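I would like the entire structure built from these sequences, with the hints used as guidance.
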Amino acid sequence: DAGITQSPRHKVTETGTPVTLRCHQTENHRYMYWYRQDPGHGLRLIHYSYGVKDTDKGEVSDGYSVSRSKTEDFLLTLESATSSQTSVYFCAIRQTNSPLHFGNGTRLTVT
Amino acid sequence: AQRVTQPEKLLSVFKGAPVELKCNYSYSGSPELFWYVQYSRQRLQLLLRHISRESIKGFTADLNKGETSFHLKKPFAQEEDSAMYYCALGGDDYKLSFGAGTTVTVRA
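Order-wise, the sequence lines are chains X and U. Under the working numbering, think of the first position of the first sequence as 1, with each following residue one higher. Under the working numbering, think of the first position of the second sequence as 112, with each following residue one higher.
FYI, nobody ran anything at the bench for these hints, they're computed from the structure. Check the hints yourself; a few may be wrong.
As the list claims (entries may be wrong) - Pairs of lysine-lysine residues, derived as DSBU-like cross-links and limited to a Cα-Cα distance of at most 35 Å, are as follows:
| hint | chain 1 | residue 1 | chain 2 | residue 2 |
| --- | --- | --- | --- | --- |
| 1 | X | K57 | U | K126 |
| 2 | U | K176 | X | K57 |
| 3 | U | K206 | U | K184 |
These figures come from a predicted structure and were not determined experimentally.
Spelled out as structure tokens, the structure:
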């Protein structure tokens, strides 16, 4: 399995608070992704990165920001969490011309 | 824009019966298609990639560019095949788009 660690695994937070999720990889892969998984919607891309400090928006980027200051870390920040951001968040990594490999996910509940 | 459609949200089959999961895509360029599987509360795992043309766990999928489809098939379903299955489409920009997923239940 690809070396991907997501932290925390579970998080409960209140509406309006900031939240940062971390994705750490040990594979030195170039591409990193954040998806959210919701029933009926499958996986939707939030943001992705194609290199250090190089990021781009996905289809559901509103309310989220990301940063990648090192190859191995990709942070997802919810500046002011809302109940609609309650979801399971998956990080994934990919090397050029290879498939995506996923982390174990972070279950976020916004109350 | 790229789009993946999985028309079936739920699929229930008996053990030993054939199973087919449908996937249709929309993409103007040269597509890269995948099937991922997620067993209960686990991470998503790659099941198949269209360019490899191999069979994994008895599953196969053929890319049909004329029908823009990448259906997943298995001739004899097993109980351990019960899972969520996602079809995914990769484009030139290395973004992967996923379908809404199909939950497969294999009954004894």
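Do the hints match the structure? See the list:
1. K57/X x K126/U: violated, 42 Å
2. K176/U x K57/X: At roughly 28 Å apart (the allowed maximum being 35 Å), K57/X and K176/U satisfy the hint.
3. K206/U x K184/U: holds, 25 Å
Hint compliance for this structure: hint 1 is the single one not met.
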